[in-house]
Amino acid sequence: AQTVTQSQPEMSVQEAETVTLSCTYDTSESDYYLFWYKQPPSRQMILVIRQEAYKQQNATENRFSVNFQKAAKSFSLKISDSQLGDAAMYFCAYSWGSNYKLTFGKGTLLTVNP
Amino acid sequence: EAGVAQSPRYKIIEKRQSVAFWCNPISGHATLYWYQQILGQGPKLLIQFQNNGVVDDSQLPKDRFSAERLKGVDSTLKIQPAKLEDSAVYLCASSSGLARGNIQYFGAGTRLSVL
Chain Z
1 AQTVTQSQPE MSVQEAETVT LSCTYDTSES DYYLFWYKQP PSRQMILVIR QEAYKQQNAT
61 ENRFSVNFQK AAKSFSLKIS DSQLGDAAMY FCAYSWGSNY KLTFGKGTLL TVNP
Chain W
1 EAGVAQSPRY KIIEKRQSVA FWCNPISGHA TLYWYQQILG QGPKLLIQFQ NNGVVDDSQL
61 PKDRFSAERL KGVDSTLKIQ PAKLEDSAVY LCASSSGLAR GNIQYFGAGT RLSVL
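Quick note, the sequences are listed as chains Z and W, same order. The first sequence lines up with residues 1 to 114 when you count with the working numbering. The second sequence lines up with residues 1 to 115 when you count with the working numbering.
Chain W on its own, in the form it takes in the complex:
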């Protein structure tokens, strides 16, 4: 079974530029998550989708971050314009659905450096 795929692995941009990350979850997984992991910290949930609907985006900085999951499969996270403090690893995860104890499976992440 293929895991969660993310691209690119690395991205370097200058502040005020825009950037996009892509995620393809495990086949059949209805729930998709985007996390931000700043160096030295645990992942922080940015947005959670159930199929193509948003379940939780309470910690997404909506003035600069956006995400979509068209057709309820793959997803794109965008930052525009980027700030220095956006430098982090962006992790995508998926699970089979919304149920207590469901395991989240993670991709390898995209490391973003904003200069």
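Chain Z extracted, bound-state conformation:
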């Protein structure tokens, strides 16, 4: 079974500092995608970043970057220069199967302190 585990239910960070959110997954596939989605209180899920398993280079999007360790099945998200607007639930997700459906973790609630 494809599972995604986020071991940190809650995290907090001071504004302008860096925080890392953890994610591990279980799969027997070799070709897949991983995603981080952000869900603010408005409930709309927004894509933060995605990573293709075949690419060894870690994906980056402005202040957001990932540390993808394929052998360890680990996919952590680093947020640099944290801003108040980064406060949200963050979900790690894995895309798999012939119809590429997403399996989500339980999420990490990030609080940004001014």
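One thing to keep in mind: the hints can contain errors.
Stated by the list, open to error - Taking lysine-lysine and the BS3-like style, the derived pairs with C-alpha atoms no more than 25 Å apart in a straight line are:
| id | chain 1 | residue 1 | chain 2 | residue 2 |
| --- | --- | --- | --- | --- |
| 1 | W | Lys-83 | W | Lys-71 |
| 2 | Z | Lys-106 | Z | Lys-70 |
| 3 | Z | Lys-73 | W | Lys-83 |
| 4 | Z | Lys-73 | W | Lys-44 |
| 5 | W | Lys-71 | Z | Lys-106 |
| 6 | W | Lys-11 | Z | Lys-106 |
Because the hints were derived from the structure by calculation, they are not lab data. Nothing here was measured: the structure is a model prediction, and the numbers come from that model.
Using the hints provided, position chain W relative to the given structure of chain Z.
Quick look at chain W alone, frame taken from chain Z:
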């Protein structure tokens, strides 16, 4: 470009009543998804459409849930009769097609409370 539209935003019903949710995906997106998100958990896929055909409904409780996507555009998810455990946020998402790595774009969801 308009995003995924969902309505209503909130719905409160009593158990055993019926309820319907509506979703209009991003224009041109062939794939449409309905997810159930129970408080404190990540979204769980209920059903996936490719155009107007069902691709995956393995986790849809078919004795009470139904969904359709007539004409391959907007979609309706129905619950009849509702149970207390159906209280959740129902999210609709769409993507341009079935391809590895395709981004799913989400609507704001409908929060359902069953009393």
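Verification of the hints:
With a C-alpha separation of about 30 Å, the suggested pairing of Lys-83(W) with Lys-71(W) is violated against the 25 Å cut-off. Straight-line distance between C-alpha atoms of Lys-106(Z) and Lys-70(Z) comes to about 21 Å, which keeps the hinted pair within the 25 Å bound. At roughly 37 Å between alpha-carbon atoms, Lys-73(Z) and Lys-83(W) are farther apart than 25 Å, so this suggested pair is violated. With a CA separation close to 21 Å, the supplied pair Lys-73(Z) and Lys-44(W) stays within the 25 Å bound.
For the hint pairing Lys-71(W) with Lys-106(Z), the CA-to-CA distance comes to about 34 Å; that exceeds 25 Å, so the pair is violated. As the CA atoms of Lys-11(W) and Lys-106(Z) are separated by approximately 24 Å, the hinted pair is consistent with the 25 Å bound.
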